[in-house]
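Visitor: Residue numbering for the sequence shown follows my numbering, starting at 4 and increasing by one per position.
Simulated from the structure, these hints should not be mistaken for lab results. Accuracy of the hints is not assured; some may be wrong.
Okay, the calculated beta carbon distance ranges per label pair [what the hints assert, rightly or not]:
#, residue 1, residue 2, range
1, His128, Asp27, 38 to 48 angstroms
2, Ala61, Arg122, 28 to 38 angstroms
3, His128, Glu25, 41 to 51 angstroms
4, Glu25, Arg84, 18 to 28 angstroms
5, Pro88, Leu127, 13 to 23 angstroms
6, Asn19, Thr121, 29 to 39 angstroms
7, Glu72, Gln111, 19 to 29 angstroms
8, Gly39, Phe80, 30 to 40 angstroms
9, Ala38, Asp119, 13 to 23 angstroms
10, Arg84, Thr5, 14 to 24 angstroms
11, Glu85, Leu130, 18 to 28 angstroms
12, Tyr60, Thr34, 11 to 21 angstroms
13, Ala96, Arg52, 37 to 47 angstroms
14, Val29, His128, 34 to 44 angstroms
The structure presented is a predicted model; accordingly, all values stated were derived computationally and were not measured. Where is the CB? At the ideal position from N, CA and C, for every residue including glycine.
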Amino acid sequence: MTLLSVNVNKIAVLRNSRGGAEPDVVRAARTCLAAGAHGITVHPRPDQRHIRTHDVYALSTLTRTHGVELNLEGNPFAPAREGYPGFLALCDAIRPAQATLVPDADGQITSDHGFDFTRDADRLHPLV
C-alpha cells in the first residue's frame with residue numbers, strides 16, 4: 004500500500020525567515036494529518052535553517068499521539084553543533100519510524116543526490 008508522508012520543512016523555512024513562531028510547524032503537521040496524511044517527514048540540518056531540534060521532538064510527540072510515522076532525513080556523518088546533537092543522536096533519542104540517510108553538505112540549498120555506494124559503503128554499512 005502507498006502511504007503519504009508530508010514534508011513540512013518549508014513551513015519552518017517561512018517561520019524562520021519571519022522570526023518568531025508563526026507559522027507553527029506542529030499545527031501545519033496536524034492539519035496534514037487531519038487531511039489524511041499517513042506521516043510527517045522533516046530534514047533537520049546542523050545549521051537548523053528550517054526544522055530545528057525542538058521541532059523534531061514536538062513532531063515526534065504529535066506523530067506518536069496520532070499513531071502515524073515520522074520520517075527523519077539527514078546526513079549521518081554531519082557533526083553535532085550548538086543546538087543540534089547530530090543526526091544519529093537525534094534518531095536515537097526520537098526513534099522515528101523511518102530514517103532516510105541523505106549525503107547533503109552544509110552549503111547545499113536542497114538535497115540533490117544520494118550516497119555513492121562504491122565510495123561510501125564501508126561507512127554506511129554499520130549504520131544500516
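Visitor: Are the hints correct? Go through all of them and say.
Guide: Going down the list of hints, with the structure as the test:
1. His128 to Asp27: 38 to 48 angstroms: The hinted range 38 to 48 angstroms holds for His128 and Asp27, with Cβ atoms some 39 angstroms apart.
2. Ala61 to Arg122: 28 to 38 angstroms: holds (36 angstroms)
3. His128 to Glu25: 41 to 51 angstroms: About 43 angstroms separates the Cβ atoms of His128 and Glu25, which means 41 to 51 angstroms holds.
4. Glu25 to Arg84: 18 to 28 angstroms: For Glu25 and Arg84 the Cβ distance comes to about 25 angstroms; the hint holds.
5. Pro88 to Leu127: 13 to 23 angstroms: Taking Cβ atoms as reference, Pro88 and Leu127 lie about 20 angstroms apart, which means the hint holds.
6. Asn19 to Thr121: 29 to 39 angstroms: The hint (29 to 39 angstroms, Cβ to Cβ) holds, given that Asn19 and Thr121 are roughly 36 angstroms apart.
7. Glu72 to Gln111: 19 to 29 angstroms: At roughly 25 angstroms between Cβ atoms, Gln111 and Glu72 fall inside 19 to 29 angstroms, so the hint holds.
8. Gly39 to Phe80: 30 to 40 angstroms: For Phe80 against Gly39, whose Cβ atoms are near 35 angstroms apart, the range 30 to 40 angstroms holds.
9. Ala38 to Asp119: 13 to 23 angstroms: For Ala38 and Asp119 the Cβ distance comes to about 37 angstroms; the hint is violated.
10. Arg84 to Thr5: 14 to 24 angstroms: Taking Cβ atoms as reference, Arg84 and Thr5 lie about 36 angstroms apart, which means the hint is violated.
11. Glu85 to Leu130: 18 to 28 angstroms: At roughly 24 angstroms between Cβ atoms, Leu130 and Glu85 fall inside 18 to 28 angstroms, so the hint holds.
12. Tyr60 to Thr34: 11 to 21 angstroms: Between Tyr60 and Thr34, where Cβ atoms are some 19 angstroms apart, the hint holds.
13. Ala96 to Arg52: 37 to 47 angstroms: Since the Cβ atoms of Ala96 and Arg52 sit about 21 angstroms apart, the hinted range of 37 to 47 angstroms is violated.
14. Val29 to His128: 34 to 44 angstroms: holds (35 angstroms)
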